[in-house]
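Peer 1: What follows is each chain in one-letter form.
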Amino acid sequence: MNNIAVKVDDLTVAYNYKPVLWDIDLEIPEGVLMAIVGPNGAGKSTLIKSILGILKPIAGSVSIYGKPYEKQRQLVAYVPQKGSVDWDFPTTALDVVMMGTYGSLGWIKRPGQKEKKASLEALEKVGMLAFKSRQISQLSGGQQQRIFLARALVQNASIYFMDEPFQGVDATTEIAIINILKELRKAGKTVIVVHHDLQTVPEYFDWVTFLNVKKIATGPVKDIFNDDNLTKTYGINYKVSIQE
Amino acid sequence: MDITEYIELVFTDYTLRTITLGTAILGAVTGMLGSFAVLRKQSLLGDAISHAALPGIAIAFLITGAKDSNTLLLGALVSGLVGTFWIRGIITKTHLKSDTALGLILSLFFGFGMLLLTFIQKQPNANQAGLDKYLFGQAATLVESDVWMMAIVTGLCLIVMLTFWKEFKILLFDADYTKTLGFNTKIIDILITTFIVLAIVLGLQTVGVVLMSAMLLAPAAAARQWTNSLSVMVFLAAIFGAFSGVFGTAISASQNNLSTGPVIVLVAAVFVVFSFIFSPSRGLLFKQIRFIKNRRDLELHKTLAFMHHIAETHEDISHPHAIKLLNNFQGYTKNTLRKLVEKDYVQLQGNMWSLTKVGFETAANLYTKQITEDE
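Chains as they are written, first to last, in the working numbering: chain A, 1071 to 1314; chain B, 22 to 396.
Since the hints were derived computationally from the structure, they do not count as laboratory data.
Treat the hints loosely; a few may be bogus.
[What the hints assert, rightly or not] Per label pair, the in silico range of CB-to-CB distance:
| hint | chain 1 | residue 1 | chain 2 | residue 2 | range |
| --- | --- | --- | --- | --- | --- |
| 1 | A | Ala1257 | B | Val294 | 50 to 60 Å |
| 2 | A | Ala1129 | B | Phe157 | 48 to 58 Å |
| 3 | A | Arg1204 | B | Asn315 | 17 to 27 Å |
| 4 | A | Glu1273 | B | Val379 | 40 to 50 Å |
| 5 | A | Ser1154 | B | Ile208 | 15 to 25 Å |
[Claimed, not checked] Some chain A residues well away from chain B (every beta-carbon gap over 12 Å; in silico):
| hint | residue |
| --- | --- |
| 6 | Asn1073 |
| 7 | Asp1079 |
| 8 | Ala1084 |
| 9 | Gly1130 |
| 10 | Lys1137 |
| 11 | Leu1190 |
| 12 | Ser1228 |
| 13 | Phe1236 |
| 14 | Ile1245 |
| 15 | Ile1248 |
| 16 | Gly1258 |
| 17 | Val1271 |
| 18 | Thr1288 |
| 19 | Asn1299 |
[As the list claims (entries may be wrong)] List of simulated lysine to aspartate or glutamate pairs, EDC-like, C-alpha gap at most 16 Å:
| hint | chain 1 | residue 1 | chain 2 | residue 2 |
| --- | --- | --- | --- | --- |
| 20 | B | Lys364 | B | Glu320 |
| 21 | A | Lys1152 | B | Asp197 |
| 22 | B | Lys62 | A | Asp1158 |
| 23 | B | Lys200 | A | Glu1140 |
| 24 | B | Lys62 | A | Asp1156 |
| 25 | B | Lys187 | A | Glu1185 |
| 26 | A | Lys1126 | B | Asp197 |
Backbone N, C-alpha and C define an ideal beta-carbon position, used for all residues, glycine too.
Produce the entire structure from the sequences given, and follow the hints as far as they go.
Peer 2: Below is the structure:
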């Protein structure tokens, strides 16, 4: 078996009284392209945000390659939901991608030529180089998503967490994004994606976690992506046909 | 005193120079910090903070019995900060939305401040007169030490802003992401908020509790219209703020009895209105012009397409057709026909029209061309 890239122990998160996540234990092996699926309100985004320390869990711990997350931040990149920021912010596409370099720069130090070059490369990788000087509000939804992806790519991390990267993008962009994710996996990176479209899970991903407040199941798509787990997660009789 | 006399006086008269300098510096620093407040969607925070400062002024006076502006402003600073942290507390600890928290603290503190002011006015202390100038401000009371104070705070603010520019920017755009990069967002947040509170407190003497928030928001809102770059926006907001201060002082000094604070705010409002209308990319005027032009272009294209449709039925594309035929088409006017002739797409012969070769090709490629332009 591979190394364990991400290990979550006893993670419990609550916003008010009701837990959003209850006692999650999760091991994500290195080099997988994993989907987190579950109904609305199942805690998918919350799981990612708690792993990344954006939300404070009530209990539980997260380790990245065996060490506490706080010490391993440099290994982790995050692609938030597109709707979480104000796209009318006065800045350009290149500028947003450059923000991905701020973490390795640390406090006060400004990005220089090296960081700019890396950002331009990331923009090229997502096919957005021609839009580098474009004000971000003048980009389409799919283009904005690619900019967010490029910002994570420039972090040059080992583990990528993405919150619904396919939300509101057209078919062309979806294919472009999934190809980049597959490339990342090929390069040995671990990619964890909150995903909504169950139909595409077998085609896009090789690993899957079923989540509905509790963890229902986690493992290789070919072993556990079945009607039984889907029914347990979504609560209704689910029938998907998985192409063999 | 008229404007030219005023300009002369600015260079010769000590008092007027002090006041003008003070309002200019104040406008610059509030414009700068106001950009951050506006981009954080905390426009109303400034209003709440300035109102929350009032009881601090009254309490500082009650304790010291002195009307020294630095002491009073220290009181304002303390109660302004207390108000800010209460607002944050309410937002994070309860289910109330931020506008509710802001409104609550604003009116609560302001009410308490007014209560204290009326209490002070009933006191048999000759010194108490004039505390109410903090309600609407009185630039005429600015003295050199006040201006120095403003200059020092502005300088500090500039240094901090330039040092932590990258951190400020990323926090404003995407706070959650900033956290995942390992930055302590709380520190950046407190830094920004503290400076906003400081700037507000500095302005209380000049502009007053009630109008202070306009000094934060107006220059920033105006500046946003002209640029898509954060640094340019902050710079422009500072310039607009400074000019509002100078013009406002000039107008109020040249028209004897106009009080300075409201005039400064009105001048800032003129900047806002002007920017909303005349900004090339975001302004209403050019937007409307672009809209009308687009409509005209589309009408023209539609007419051309209609003619192309008719011309297609003939082997010879330049075969003349009756102008009468075009009357069936809604978008057609004499004007569009004239424009098409000007563009050399169409030739006229008496009552007949015919497409030129260029016109025919343009019409055939209209739709495909539009798609490539979109991309």
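Peer 1: With reference to the structure, classify each hint as holding or not holding.
Peer 2: Do the hints match the structure? See the list:
{"no.": "1", "hint": "Ala1257(A) - Val294(B): 50 to 60 Å", "in the structure": "holds (54 Å)"}
{"no.": "2", "hint": "Ala1129(A) - Phe157(B): 48 to 58 Å", "in the structure": "holds (54 Å)"}
{"no.": "3", "hint": "Arg1204(A) - Asn315(B): 17 to 27 Å", "in the structure": "holds (20 Å)"}
{"no.": "4", "hint": "Glu1273(A) - Val379(B): 40 to 50 Å", "in the structure": "holds (49 Å)"}
{"no.": "5", "hint": "Ser1154(A) - Ile208(B): 15 to 25 Å", "in the structure": "holds (22 Å)"}
{"no.": "6", "hint": "Asn1073", "in the structure": "holds (22 Å)"}
{"no.": "7", "hint": "Asp1079", "in the structure": "holds (20 Å)"}
{"no.": "8", "hint": "Ala1084", "in the structure": "holds (14 Å)"}
{"no.": "9", "hint": "Gly1130", "in the structure": "holds (18 Å)"}
{"no.": "10", "hint": "Lys1137", "in the structure": "holds (14 Å)"}
{"no.": "11", "hint": "Leu1190", "in the structure": "holds (18 Å)"}
{"no.": "12", "hint": "Ser1228", "in the structure": "holds (14 Å)"}
{"no.": "13", "hint": "Phe1236", "in the structure": "holds (19 Å)"}
{"no.": "14", "hint": "Ile1245", "in the structure": "holds (17 Å)"}
{"no.": "15", "hint": "Ile1248", "in the structure": "holds (21 Å)"}
{"no.": "16", "hint": "Gly1258", "in the structure": "holds (21 Å)"}
{"no.": "17", "hint": "Val1271", "in the structure": "holds (26 Å)"}
{"no.": "18", "hint": "Thr1288", "in the structure": "holds (23 Å)"}
{"no.": "19", "hint": "Asn1299", "in the structure": "holds (30 Å)"}
{"no.": "20", "hint": "Lys364(B) - Glu320(B)", "in the structure": "holds (14 Å)"}
{"no.": "21", "hint": "Lys1152(A) - Asp197(B)", "in the structure": "holds (12 Å)"}
{"no.": "22", "hint": "Lys62(B) - Asp1158(A)", "in the structure": "holds (12 Å)"}
{"no.": "23", "hint": "Lys200(B) - Glu1140(A)", "in the structure": "holds (11 Å)"}
{"no.": "24", "hint": "Lys62(B) - Asp1156(A)", "in the structure": "holds (10 Å)"}
{"no.": "25", "hint": "Lys187(B) - Glu1185(A)", "in the structure": "holds (13 Å)"}
{"no.": "26", "hint": "Lys1126(A) - Asp197(B)", "in the structure": "holds (12 Å)"}
When held up to the earlier numbered hints, the structure conflicts with none and fits them all.
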